[in-house]
Amino acid sequence: MKPDIYTQVGSIRLERPTMLASGILGISLDVFARLYQAGAGALVTKSLSKEPWEGYVNPTVIGVEAGYLNAVGLSNPGAPYFAKMISSNKTIPIIVSLVGSVEEDFTFMIKQFEDAKILGYELNLSCPHVEKVGLEVGDDPELVKKIVKSVKSKSKVPVIAKVGLGSSDYLDTVQAACEAGIDAITAINTLRAMAIDVETARPILSNKIGGLSGPAIKPIAVRCVYEISSKFNIPIIGCGGISDWKDAIEFIFAGSSAVQIGSVIGEKWIGVFSEINDGISKYMEKKRFSKISEMVGIAKRF
Amino acid sequence: MKPDIYTQVGSIRLERPTMLASGILGISLDVFARLYQAGAGALVTKSLSKEPWEGYVNPTVIGVEAGYLNAVGLSNPGAPYFAKMISSNKTIPIIVSLVGSVEEDFTFMIKQFEDAKILGYELNLSCPHVEKVGLEVGDDPELVKKIVKSVKSKSKVPVIAKVGLGSSDYLDTVQAACEAGIDAITAINTLRAMAIDVETARPILSNKIGGLSGPAIKPIAVRCVYEISSKFNIPIIGCGGISDWKDAIEFIFAGSSAVQIGSVIGEKWIGVFSEINDGISKYMEKKRFSKISEMVGIAKRF
Amino acid sequence: MQRDFDKPTMVKIEKVIEETPTVRTLVFSDDVLSAVLPGQFAMVWIPGVNELPMSVMVYLEKGRAAFTIRKRGVASTSLYEVKVGEYIGVRGPYGNSFAIRQGNLLLVGGGTGLVPLMRLLTFLKKNDNVTVLIGSNTKKEVFFEKMANQILANNKHQVIVTTEDGSYGTAGVVTDVMEKLIFEKKFDAVYTCGPEKMMYKVVQLASSKKIFVQASLERMMKCGIGICGSCCIKEELVCHDGTVFDGKYLLSNKEFGYTHRNKSGIIENY
Amino acid sequence: MQRDFDKPTMVKIEKVIEETPTVRTLVFSDDVLSAVLPGQFAMVWIPGVNELPMSVMVYLEKGRAAFTIRKRGVASTSLYEVKVGEYIGVRGPYGNSFAIRQGNLLLVGGGTGLVPLMRLLTFLKKNDNVTVLIGSNTKKEVFFEKMANQILANNKHQVIVTTEDGSYGTAGVVTDVMEKLIFEKKFDAVYTCGPEKMMYKVVQLASSKKIFVQASLERMMKCGIGICGSCCIKEELVCHDGTVFDGKYLLSNKEFGYTHRNKSGIIENY
Ligand SMILES: Cc1cc2nc3c(=O)[nH]c(=O)nc-3n(C[C@H](O)[C@H](O)[C@H](O)COP(=O)(O)OP(=O)(O)OC[C@H]3O[C@@H](n4cnc5c(N)ncnc54)[C@H](O)[C@@H]3O)c2cc1C
Ligand SMILES: Cc1cc2nc3c(=O)[nH]c(=O)nc-3n(C[C@H](O)[C@H](O)[C@H](O)COP(=O)(O)OP(=O)(O)OC[C@H]3O[C@@H](n4cnc5c(N)ncnc54)[C@H](O)[C@@H]3O)c2cc1C
Ligand SMILES: Cc1cc2nc3c(=O)[nH]c(=O)nc-3n(C[C@H](O)[C@H](O)[C@H](O)COP(=O)(O)O)c2cc1C
Ligand SMILES: Cc1cc2nc3c(=O)[nH]c(=O)nc-3n(C[C@H](O)[C@H](O)[C@H](O)COP(=O)(O)O)c2cc1C
Ligand code: FES
Ligand code: FES
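Just so you know, the protein sequences line up as chains A, B, C and D, in that order. Under the numbering used here, the residues of the first sequence are numbered 1 to 302, in order. Under the numbering used here, the residues of the second sequence are numbered 1001 to 1302, in order. Under the numbering used here, the residues of the third sequence are numbered 2001 to 2270, in order. Under the numbering used here, the residues of the fourth sequence are numbered 3001 to 3270, in order.
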């Protein structure tokens, strides 16, 4: 019997453990449908703000060794527009990523999705390249606590907090979110980084500083998942540099109940979802695991 | 006329801008002599402690995508032994790296080197995988200030602080070091990271968590150099993932007056010093720079 | 030196060709871009200004490539104004390419949409009978007529220029000429690139005659790599699944010819 | 699946051979390690215990390799006790290899130092006349005599075993036998691996007769990659510049035969 690769992230049940990471191909319901078909267990949207944002001028994404550097600037059509766009959704497991600076931003946005069929929210507390949102929120545990409490009181669906490495201890952010009743943690976002062109001496990204993603950050992300799962009793979604089923298993062993897939799509395209799902399934068969949950966090016992 | 590639890191003058990073091949005077011959402008020793340390059990170093993960555990023969070993040194530009938890540790160690011919000290405030030293010190700006002040008052040679990304804002550490009179900053050390074996579910390093080095961390290191040089008026030595002369130039444009070479030696061996020096020299010729100092930090003007 | 595919490689402009009062071609040396397939594009960095997707133009010398730019907004105008000796950054090539058929071929281009078609011409077989339709507003803005004739020197071929104001060639819009042509003669394939409204018409016309047709599309491109999502048209990503699509598919895509997304991802009408 | 060179690749032990009461050979399948050069080693991870440098042993079947371990401390004993079906991690191969000469060749090995010499045997030419000297304390601890004869079946060869207690073969130490041999016969090259004091003697003897000689050294290995510095002997890094060094060089290296560094880097006497 083939093992079932469904997974449970707290109260969120996913048919498959591979989710689409936020900001990756994530602005259109049609694309979500295609990626769901391709094997994604859930689709996290591009982070949405109250109003539409154009984002930064190009270059916004470039390649670096073993990854990408991006400062897209959270370009997005705004929560109201997006909510309308997905209002016809019936079957696709969408998780809406939100970004904002104060409680009211989130309250406003959650209102937009009241009637939408979505699996949950992911609060982006960790975008490293846009001022006043993202990491600037995540680096302030008190603000995180306030926002999470408020969102939790208004949302009918589970709420996930996405953390990253900023200028404070990210474990304090996790703790604040946990104390405020968060349902799960996604770790990690991109890491602040930059590239300078040698010919012109110019920073290449128009925003100069952006976020590093891809295989380069994988060992850092695995470490964060391991640390969170060692210190807190909270479901975790692992993210950062996952390129194949072995990487996914590594994150699961570290303590993730599901994983998010991002940069690798640029290299392998969207077939990577089923490639990873199949790899996990075969591995489970070989190692006689019958459920993903049996594997979650077992690296901690050593 | 070929450009001269000497550089000035504060009051430290180096014939060549490429230094050996701490912990890389750095426990023997004979090896230092060889690397100096090979083109290194200065040799930073393995971080030394008061007493000899065996370090962690193997595996202590493994390869990951675009880099290495290490938790050597600061194995070193101890400052007294090392000081004796280099007491015969006359010509080799050695920078002694020190690691400790309290002022007294450093006072003791500096005493050992009173009669040694060394260029300066580098205080390792950023080792990510040994308790009570390294990052645990670097994450505490008040302690950093105390230690730097004390070391500065005792040392006859310039003192450099090596910083990394820990669980607090590394810029606070830099600020504390600057306020205490530090002569230069080295940025950055390895980043906390981990790898788990998929076959056995075990963390591979015996210490479980180690430090990530190599090309993977380069964009993060460039960003740190750029940030430090944007906020502080202090000479900087760039370190992290430098593999060729272009990388070195990138760090110089970001604000480094010299660079440290580490992991790439595992890939290219020690010829990499002259390869990078030559590359920098040719580049300067082509772009009509006559001194390294003309290039330091020019990415900031954009 | 190994090239990092997705990071800008700096190239020096070696030659600037004035095609029309608003269109210039910038020539540079680059082994990778000189050898791209027709339909593929590069992301072109104008340091300090912006980065734009640009079809890679042929330059009939080994190892060289070009971009042909119409000046429009700030970014394209800055690129248009790059001088000989200055550097721009290029990454790519990205995207798929035209499927090369044989026989009687019809190429319909408007403005800088001619760029991928010029490269396509260099891939055609000797026996192909090729008709190139070049659409323009006015005589002054006609370009690549000579180049098309030059590339096709050894083919049975015809280059027809239309101007809307009738100042040169056939008066009228390019799709009117096409309509006549496909009525008179059997074509084996039609290729088009240019304003989307024009392409929409071309695809409709060709499809009505059951001729194989492909169009190369433009959408907002940020990454070019297939990760940011900004270039989507329904479920397709133009930078990865395109830029070239079959007419058959396009007619089923309700956005084609009507709407595109702006920088924030909001759908706007053409 | 692409292999990450410096990260442990897990291999399953397929066979365990008892060589002596304290030495076992673990056989496994691995294309990379089955094809290493003589003198090269791997870093061997015993999960949960330690990682040790180990010469890669030949196993005379395509695609298979082995390690031959003498149980000593905790780490080597754990490796020695690995059972069929269990996994160990391997990374490498690391280091250089013996320079293969032709003619009359003398190999002098002690204990697990025989491992790289066995592999070296598989690289020799048909016309070589090969003498293998195997040194041991006592009869029970003799191993690889049969294997050496087997590999050399088609060569003119001689395998001489010495035991210190005289319980088997020639009584005495291996270097005494060597001294006689090189007095009687002209050798073109000598290769040695074993306890450093023994190698020191071998190198001295061969050099006194001006015979080309190489020795494979052991030092404290942490990375194997050439970055940590723990394996240094004077200015050389054994994991990268070695493990094989020319006798000529070694005699100029004042540490050879006398001292080595411990885990903290402090020099200790042998
Ligand atoms: C695959 C592809 C190939 C192209 N090839 C060429 C070519 O060979 N020659 C040529 O002159 N132009 C080409 N373009 C168009 C070019 O990329 C610019 O869109 C155009 O030059 C206008 O840019 P602007 O910013 O100066 O204009 P603006 O006036 O600032 O913007 C006008 C419009 O240009 C479009 N645009 C702006 N930035 C982008 C972007 N990053 N990606 C896509 N569209 C954008 C938008 O629709 C915008 O509303 C191509 C576009 C694509 C997608
Ligand atoms: C290149 C190389 C090839 C080797 N090949 C073989 C082989 O084929 N078969 C075999 O049985 N042994 C081999 N060894 C020796 C082996 O690595 C161990 O040193 C030995 O097994 C003892 O290990 P232990 O930790 O059990 O012993 P312990 O009793 O714990 O330690 C005894 C001594 O072993 C040495 N040692 C321990 N760890 C290391 C290390 N990481 N690197 C180097 N020396 C170490 C030290 O000198 C130490 O003092 C080789 C060593 C090297 C360097
Ligand atoms: C182009 C791009 C855009 C991104 N946009 C967002 C975003 O809007 N919100 C967010 O939370 N994360 C965003 N991310 C971060 C990813 O969701 C993910 O956390 C990160 O890329 C690490 O995963 P990866 O290495 O698999 O890509 C973006 C990443 C990239 C590369
Ligand atoms: C095996 C190893 C040992 C190291 N030991 C030290 C050390 O003792 N002290 C220190 O300050 N940094 C140490 N480092 C960090 C390096 O000096 C350097 O900061 C880091 O590796 C990033 O540079 P790289 O990417 O060029 O290697 C070590 C790095 C490695 C790989
Ligand atoms: S431009 Fe980013 S996905 Fe197409
Ligand atoms: S074992 Fe690390 S340098 Fe040789």
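In case anyone wonders, no lab produced these hints; they're calculated from the structure. A quick note: this is a predicted structure, and the numbers were derived from the prediction, not measured. Be a bit skeptical, because a hint or two may be false.
[Stated by the list, open to error] Computed list of lysine-lysine pairs in DSSO-like fashion (alpha-carbon distance at most 30 Å, straight line): (1) K3180(D) x K3083(D); (2) K2015(C) x K1246(B); (3) K1268(B) x K3185(D); (4) K1300(B) x K2083(C); (5) K2083(C) x K2071(C); (6) K3185(D) x K1084(B); (7) K1208(B) x K282(A); (8) K2083(C) x K1291(B); (9) K2071(C) x K84(A); (10) K2186(C) x K2156(C); (11) K1208(B) x K1246(B); (12) K1002(B) x K1287(B); (13) K3126(D) x K3185(D).
[Unchecked claim] A few chain A residues that face chain B, going by a derived Cβ cut-off under 8 Å, partial list only: (14) K149; (15) D169; (16) A216.
[Claimed, not checked] Chain A is nowhere near these chain B residues, computed Cβ spacing over 10 Å in every case: (17) P1158; (18) R1192; (19) K1208.
Here a beta-carbon is modelled for each residue, glycine too, at the ideal position from N, C-alpha and C.
Here is how each hint holds up against the structure:
A hinted pair counts as satisfied when its Cα atoms are at most 30 Å apart, and K3180(D) with K3083(D) does not qualify at roughly 42 Å. Straight-line distance between C-alpha atoms of K2015(C) and K1246(B) comes to about 27 Å, which keeps the hinted pair within the 30 Å bound. The straight-line distance between the Cα atoms of K1268(B) and K3185(D) is roughly 43 Å, outside the 30 Å bound, and the hint therefore fails. Annotation: proposed proximity of K1300(B) to K2083(C) holds, straight-line Cα distance about 25 Å (limit 30 Å).
Annotation: proposed proximity of K2083(C) to K2071(C) holds, straight-line Cα distance about 14 Å (limit 30 Å). Distance hint between K3185(D) and K1084(B) is unfulfilled; the C-alpha atoms sit about 48 Å from each other, more than 30 Å. For the proposed pair K1208(B) and K282(A), the alpha carbon gap of about 27 Å is at most 30 Å, so the pair holds. About 29 Å separates the Cα atoms of K2083(C) and K1291(B), which keeps this hinted pair within 30 Å; it holds.
At most 30 Å may separate the alpha-carbon atoms for a hinted pair to count; K2071(C) and K84(A) exceed this at roughly 36 Å. A hinted pair counts as satisfied when its Cα atoms are at most 30 Å apart, and K2186(C) with K2156(C) qualifies at roughly 15 Å. For the hint pairing K1208(B) with K1246(B), the CA-to-CA distance comes to about 33 Å; that exceeds 30 Å, so the pair is violated. Between the alpha carbons of K1002(B) and K1287(B) the distance comes to roughly 12 Å, so the proposed pair stays at or under 30 Å and holds.
Taking the CA atoms of K3126(D) and K3185(D), the gap is near 19 Å; set against the 30 Å cutoff, the hint holds. The interface hint given for K149(A) is violated, since its Cβ lies 24 Å from the closest Cβ of chain B, which is over the 8 Å cut-off. Evaluation of the D169(A) hint against chain B yields a held restraint, the C-beta minimum of about 4 Å falling below 8 Å. Checking A216(A) against chain B: minimum C-beta separation of about 4 Å stays under 8 Å; hint holds.
Every CB of chain A lies more than 10 Å from the CB of P1158(B), the least distance being 27 Å, so the non-interface label holds. Some Cβ of chain A comes within 10 Å of the Cβ of R1192(B); the nearest lies about 5 Å off, and the non-interface call is violated. Not every Cβ of chain A is farther than 10 Å from the Cβ of K1208(B); the closest lies at roughly 8 Å, contradicting the non-interface assignment.
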